[in-house]
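K.L.:
Residue strings, one per chain:
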Amino acid sequence: MSTASPAVTANRSAPLNPRRRWWPTPKLIIIIAVAGAIGYLALVPLYYLLWGTFFDAQGFTLGGFATAYGDPRIGSLIGNSLWFAVGSAVLSLVVGTSLAYLNVRTDVPFKALFFAASIIPLIIPGILYTIAWIFLASPDIGLINKVLEPIFGTAAVDIFTIWGMIWVEGLHLSPIVFLLMVAAFRSMDPSLEESALMCGATRMQVFRKITVPLTRPAIVAAVLVMTVRSLESFEVPALLGLQNGIYVFTSRIYFVLRSYPPDLAAAGALALGLLVLAVVGVAISNLVGRAGKSFQTVTGKGFRPRPMELGKWRPVMGAAIVFYFLLTVVAPLVVLLYTSLLKFYQAPSMAALRTMSLDNYAQLLNMSQAATALRNSLFLGIATATLVMAVMAIAAWITVRSRIPGRQLIDQFAFVPLVIPGLVLGLALSFVYLRSPIPIYGTIFILLIAYVTRYMPYGMRYSVTSMQQIATELEESAQVSGASWWQTFRRVLLPLLAPGLLAGWIYILVVSFRELSSSILLYSPGNEVLSILIFEQFENGQFTVLAALGVVMVLTLVVLVTVAYKLGAKVGLREN
Amino acid sequence: MLRVENLVKSFDGERRRRRAAATGATDRVFAVNDVSFTVHEGDMFTLLGPSGCGKTTTLRSIAGLERPDSGIIEVGGQALFRSLEGQRVLSVSANERGLGMVFQSYAIWPHMSVFDNVAFPLQVRKRGQRPGKREIAERVGRVLATMELDALAGRQATKLSGGQQQRLALARALVIEPPLLLLDEPLSNLDAKLRESLRYELKRLQRELGITSVYVTHDQTEALVLSSSVAVMRDGNIIQLGKPREIYQKPNSRFVAEFIGTSNFIPAKVEARDGERYSVATADGSLALNSTADLAVGTDVIVSIRPEAVDVSAVSRTGEIPNEWKGTVVTRAFLGEAVDHVVRVGEFEIRARGNPSVSIRPGTDVFVQLDPDKLSLVPVD
Numbered sequence: 001m002s003t004a005s006p007a008v009t010a011n012r013s014a015p016l017n018p019r020r021r022w023w024p025t026p027k028l029i030i031i032i033a034v035a036g037a038i039g040y041l042a043l044v045p046l047y048y049l050l051w052g053t054f055f056d057a058q059g060f061t062l063g064g065f066a067t068a069y070g071d072p073r074i075g076s077l078i079g080n081s082l083w084f085a086v087g088s089a090v091l092s093l094v095v096g097t098s099l100a101y102l103n104v105r106t107d108v109p110f111k112a113l114f115f116a117a118s119i120i121p122l123i124i125p126g127i128l129y130t131i132a133w134i135f136l137a138s139p140d141i142g143l144i145n146k147v148l149e150p151i152f153g154t155a156a157v158d159i160f161t162i163w164g165m166i167w168v169e170g171l172h173l174s175p176i177v178f179l180l181m182v183a184a185f186r187s188m189d190p191s192l193e194e195s196a197l198m199c200g201a202t203r204m205q206v207f208r209k210i211t212v213p214l215t216r217p218a219i220v221a222a223v224l225v226m227t228v229r230s231l232e233s234f235e236v237p238a239l240l241g242l243q244n245g246i247y248v249f250t251s252r253i254y255f256v257l258r259s260y261p262p263d264l265a266a267a268g269a270l271a272l273g274l275l276v277l278a279v280v281g282v283a284i285s286n287l288v289g290r291a292g293k294s295f296q297t298v299t300g301k302g303f304r305p306r307p308m309e310l311g312k313w314r315p316v317m318g319a320a321i322v323f324y325f326l327l328t329v330v331a332p333l334v335v336l337l338y339t340s341l342l343k344f345y346q347a348p349s350m351a352a353l354r355t356m357s358l359d360n361y362a363q364l365l366n367m368s369q370a371a372t373a374l375r376n377s378l379f380l381g382i383a384t385a386t387l388v389m390a391v392m393a394i395a396a397w398i399t400v401r402s403r404i405p406g407r408q409l410i411d412q413f414a415f416v417p418l419v420i421p422g423l424v425l426g427l428a429l430s431f432v433y434l435r436s437p438i439p440i441y442g443t444i445f446i447l448l449i450a451y452v453t454r455y456m457p458y459g460m461r462y463s464v465t466s467m468q469q470i471a472t473e474l475e476e477s478a479q480v481s482g483a484s485w486w487q488t489f490r491r492v493l494l495p496l497l498a499p500g501l502l503a504g505w506i507y508i509l510v511v512s513f514r515e516l517s518s519s520i521l522l523y524s525p526g527n528e529v530l531s532i533l534i535f536e537q538f539e540n541g542q543f544t545v546l547a548a549l550g551v552v553m554v555l556t557l558v559v560l561v562t563v564a565y566k567l568g569a570k571v572g573l574r575e576n
Numbered sequence: 001m002l003r004v005e006n007l008v009k010s011f012d013g014e015r016r017r018r019r020a021a022a023t024g025a026t027d028r029v030f031a032v033n034d035v036s037f038t039v040h041e042g043d044m045f046t047l048l049g050p051s052g053c054g055k056t057t058t059l060r061s062i063a064g065l066e067r068p069d070s071g072i073i074e075v076g077g078q079a080l081f082r083s084l085e086g087q088r089v090l091s092v093s094a095n096e097r098g099l100g101m102v103f104q105s106y107a108i109w110p111h112m113s114v115f116d117n118v119a120f121p122l123q124v125r126k127r128g129q130r131p132g133k134r135e136i137a138e139r140v141g142r143v144l145a146t147m148e149l150d151a152l153a154g155r156q157a158t159k160l161s162g163g164q165q166q167r168l169a170l171a172r173a174l175v176i177e178p179p180l181l182l183l184d185e186p187l188s189n190l191d192a193k194l195r196e197s198l199r200y201e202l203k204r205l206q207r208e209l210g211i212t213s214v215y216v217t218h219d220q221t222e223a224l225v226l227s228s229s230v231a232v233m234r235d236g237n238i239i240q241l242g243k244p245r246e247i248y249q250k251p252n253s254r255f256v257a258e259f260i261g262t263s264n265f266i267p268a269k270v271e272a273r274d275g276e277r278y279s280v281a282t283a284d285g286s287l288a289l290n291s292t293a294d295l296a297v298g299t300d301v302i303v304s305i306r307p308e309a310v311d312v313s314a315v316s317r318t319g320e321i322p323n324e325w326k327g328t329v330v331t332r333a334f335l336g337e338a339v340d341h342v343v344r345v346g347e348f349e350i351r352a353r354g355n356p357s358v359s360i361r362p363g364t365d366v367f368v369q370l371d372p373d374k375l376s377l378v379p380v381d
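Taken in order, these protein sequences are the chains called A and B.
Each residue of the first sequence is one higher than the one before, starting from 1 at the first, in the numbering used here.
Each residue of the second sequence is one higher than the one before, starting from 1 at the first, in the numbering used here.
These are computed hints drawn from the structure, not numbers from a lab.
Some hints here could point you the wrong way.
[Claimed, not checked] Partial selection, computed: residues in chain A whose CB lies under 8 Å from chain B: (1) A471; (2) S477; (3) A478; (4) S481; (5) S484; (6) P495; (7) E539.
[Said to hold, decoys possible] Not close to chain A: a few residues of chain B, all C-beta gaps over 10 Å, as computed: (8) V8; (9) D43; (10) P50; (11) L65; (12) G132; (13) P179; (14) L182; (15) A296; (16) R317; (17) E320.
C-beta atoms are modelled at their ideal positions from N, C-alpha and C, and glycine is treated no differently.
With the hints as extra help, turn the sequences into a complete structure.
P.N.:
Here you go:
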C-alpha cells in the first residue's frame, strides 16, 4: 500500500527520467477533494455561527449575548429546556428499558408487536406524531378529552404543558431506547444472572444487584443520548410549548428569528448555548462509554438465554404491551387517518362518520404546493443519500485503510455535525450563505447542503462499519494482481461494500425525507419540503388536509423502510 | 532472480526515522533489520520463523505492500525498490510490480465467479497491454486446467472447498505468468490432512512450472518438505540460511535447533581442535564431533543432537565408535510411528527416538551412542 507522497508513486521509468514532472494521481485528487469537502461542511458553518454571533457592522460585540441572556425569562428558558430534556429522556428510558427487558428476558406474549412499535420513530416523523397527539389530547378538540368528558369534566388532559411535551417526546424516543437496550441485554452473559440465582438471590434481587449494574453503562449512555436529542428537538416544543409560552432553546431561537426584526446575534448566542449543552452531553456519554468498557463483562457475543417465566403476571404484562402498542402506534396513526377523511376536525360521532370522504386527498392532487413539496422531499432525500454515501465511502477508505497522515481528522470532522442540533445548523448555514457570494440562499441547494452536513455522520458510520468487515487481503490481492487504486476501489471494494452502502443510502433517504428542524430556517417559498408544508398548514389550521398529507408521507416512509428491511438493513438499530 | 539487500523496516515509519536521525535517538523497533538474500531461478525459497520474526514483513516488502525504510529489492535484474543513503528513493507500487501472490486467507473475491477471479489480473492491465477477450478466456482456461479447476469456472468463488480455494488463489497468482511467486502461509488455513496432501501438490506444481517462489511459513515441516533453501528468521534477522538438510542437521544456534524439531542440548567446552574435528569436554566425559563452526579451544559451547540421531542399545560398542555413554532409561513413550526413550546419563537426560519395535522398560541400564557427524556445536546464548 502506498501513501500519498509523490516519491512513492514514482514508477519504473522514474530513474531513467528523474526530472520528469510530477502529476497528481487521480487517487490523490479524489482524496483531497473528499477531505476538503468534509472539512468545509463540518467547520465553515461553525465558524460563521461564531462570527455572526460575536461580530456586527461595528466589530466584536457581545450584544447578542446581552439580549439573549439578559432577558429575565432566561432562567425559565434554561429550566424548561433541562426539565423537558431530562424528563423526556427518563420517560423514554423507563419505558424502553422495561420493554427491552420483557422482550429479551421473559416469555411475555406479543413479541412481534415490540418490533412493529420500534420502527415508529422512523415512519412517523416527529411533526406528525406531535400533531397526532394534539388531535388526541388538546384541551379543546382532543379525542381523549371528549371520551373522558362525562367522567372528569372538560379538558381532563392538556397536551400544551411541559408534561404534555415530555409525554410526546418521551414516547417518540422510547422505541430507540428499546432497541439500544435490547442490544445490551442480548450481549450480556446470562450465566452471570444464573449464578446469582444459584447463590440464593430472588429474581428481584438479581435484577437490582446484577442486571442493572451490568447494563449501567448502556443505560447511562441511553439517558445522555436521549437528553441531547430532546434538547435538540424542535417540533414538540414549537407545536406544544409556544401555545402557552413555554420556551426551550430551540423554540426560542425560532421565535427570535420569526419576530420582526429578527435578531440574528441573539439567535446565534442562544444557538451557541444549545450547542454547548449538546457537546457536554455527547462528551459525557463518550466518557461513560469508555469507562464502561473497562469492567465490561457484557461481550459482543449474542446469547439466547432461557426466558424467565412470568407465570400469573404474563397476561398482565401482555395487556400492558398491547396498551403501549395502542397508545404509541395505533392511536396516532388512526387519528391521522380519521382526520384526513373529515371535512373539518370534530370528535367521532355518527354525524362525523357520515361526512367522511376522500375529498382531502382529492384536494392534495390539485394542490400544486403539495406536489412540489413531495418532489422536493424526494429529490433532497435521493440527492442527499447519494452524495453522502459516495463521499463517505471514500472517506471511510481513507480513515480505515490508508496511512495518510491526518486521516483521523477526516473521521473526526465527519462526526462533528452529530453534536450540532438541526436548528443550530440551519441558523449557521443561513449565516454562511447570506454572506456568501455563491447564490444558493433561497434555493433548494442550501437545503441539500444542510442535509448532507447533518447526515454525514450516519453515512460515515455505515461506510466505516462495512469497510472494516472487508479483509485487507482482498484489496491487497487486487493490488498485487496489478489493479490501480481506482480499479481496486471500483472492482473489488465497491461491490463488496454495496450492501452496507445501500443500507446507509436508504437510511439517509428516510431521515432526509422528513427533515424539519434545519429546513425551517432555510426554506424559501417554492422550496418547501413535506414537513415544512405540514408545519405551515398546521399554523394555518388546515388540519384535515394536513392529515391527508401526513398519511401520504407515512405511507411513502413505510414503503422506504420496508425496502430497507428487505435489504437486511438494521435501520432501527442504527438510530442514534 | 530475486535479490534482497540490506532490507530494513522499522515500525515507527519513515517520519519518525528522520526525526530520530535528526535528534540522535536510537529507540527504533525493527520489524526487519538488515536482511539480505538471493533467490535463484526456479528455486523455492522459504522464510521460516515464529510469529513476529519479520518474515511476513519481508514478503510484503517484496510484494510492494509494505514500504521498507531502506534496502534494495530487485527481481530479474530490475529494481523494484531502492532506498539508500543519499540516493533518490525508487519504489514501484504493488500494482506495477507484476508479481504473483497467494495470501494466507486466499483473498478470493467473494462477489466474483471462479473465472472472474482469475481473469481479474489480466483485465486490469493498462490499455495497450491488456489482452483481448478471447485471449483472456484462453489463458484463464489454461491456468484453470493446470489447477484442475476448469470444471468449476462458472461457479461462485465462495462455493469452493478449502483446497479448491487454495488452488484458485494460486491460479489467480499464476495467470499473468509472473517472474516471481510469493506465498504467505498458504496452507495454514487448512486442516491437517488436507495440508499434508497440498504440501506435495504445491511442491509438484512448483517443480513442473519451474517458477521461482518465496514462501513464508512458521511450520518447519512445510519448510523442510517444500524448499530448496530455507532462511530461519528471528527478531527481524536471518539467523541461518541453507538447504533444508543443513538447517536440520547442523543448526548454527540453539534457536534454530529448537525451532526446527526437538533437540538435546549438552553444555560443553572445546578442549581440542584439528580443523573441523573437535573434541569437547562435558560433565560426563568428552565427545568427538565434526563441525564447520570456528571456535577456539576453551570456548563454552552447546552440543546439539536430534533425538533420532541418538542410538540406544543394550550392547556396548566401545572401541568401534567414538562416543558412547552409559545410562538408565527413565521413561518411554509410544508415539505410533516411533518410540521415545528418555535416558539419564550422569546429570543429563537425553531423549532418543527410535524404531517402534525397540522398546526398553524404564529402569534398564543401556548404552547411548552419539554419531560424531550428527552432533553439532552451537554457541552459548
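K.L.:
None of the hints should be skipped; say for each whether it holds.
P.N.:
Each hint tested on the structure:
1. A471: holds, 6 Å
2. S477: Hint holds; A/S477 Cβ to chain B Cβ min 4 Å, cut 8 Å.
3. A478: holds, 7 Å
4. S481: This interface hint holds because 4 Å falls under the 8 Å limit.
5. S484: Given a least distance of 6 Å, the restraint on A/S484 holds.
6. P495: holds, 4 Å
7. E539: Hint on A/E539: violated, closest Cβ of chain B at ~51 Å, above 8 Å.
8. V8: Label holds. Min Cβ-Cβ 17 Å, cutoff 10 Å.
9. D43: B/D43 clear of chain A: closest Cβ-Cβ about 20 Å, beyond 10 Å.
10. P50: Its Cβ never comes within 10 Å of chain A, the nearest being 21 Å, so this holds.
11. L65: Not fine: 5 Å to the nearest Cβ puts B/L65 too close to chain A.
12. G132: With a cut-off of 10 Å, B/G132 remains clear of chain A, as the shortest Cβ separation is near 17 Å.
13. P179: holds, 13 Å
14. L182: Violated, since 8 Å does not exceed 10 Å.
15. A296: holds, 47 Å
16. R317: Holds, because the least Cβ-Cβ distance between B/R317 and chain A comes to about 56 Å, which exceeds 10 Å.
17. E320: Holds: least Cβ distance 58 Å, greater than 10 Å.
Taken one by one, the earlier hints fail for this structure at numbers 7, 11, 14, listed in ascending order.
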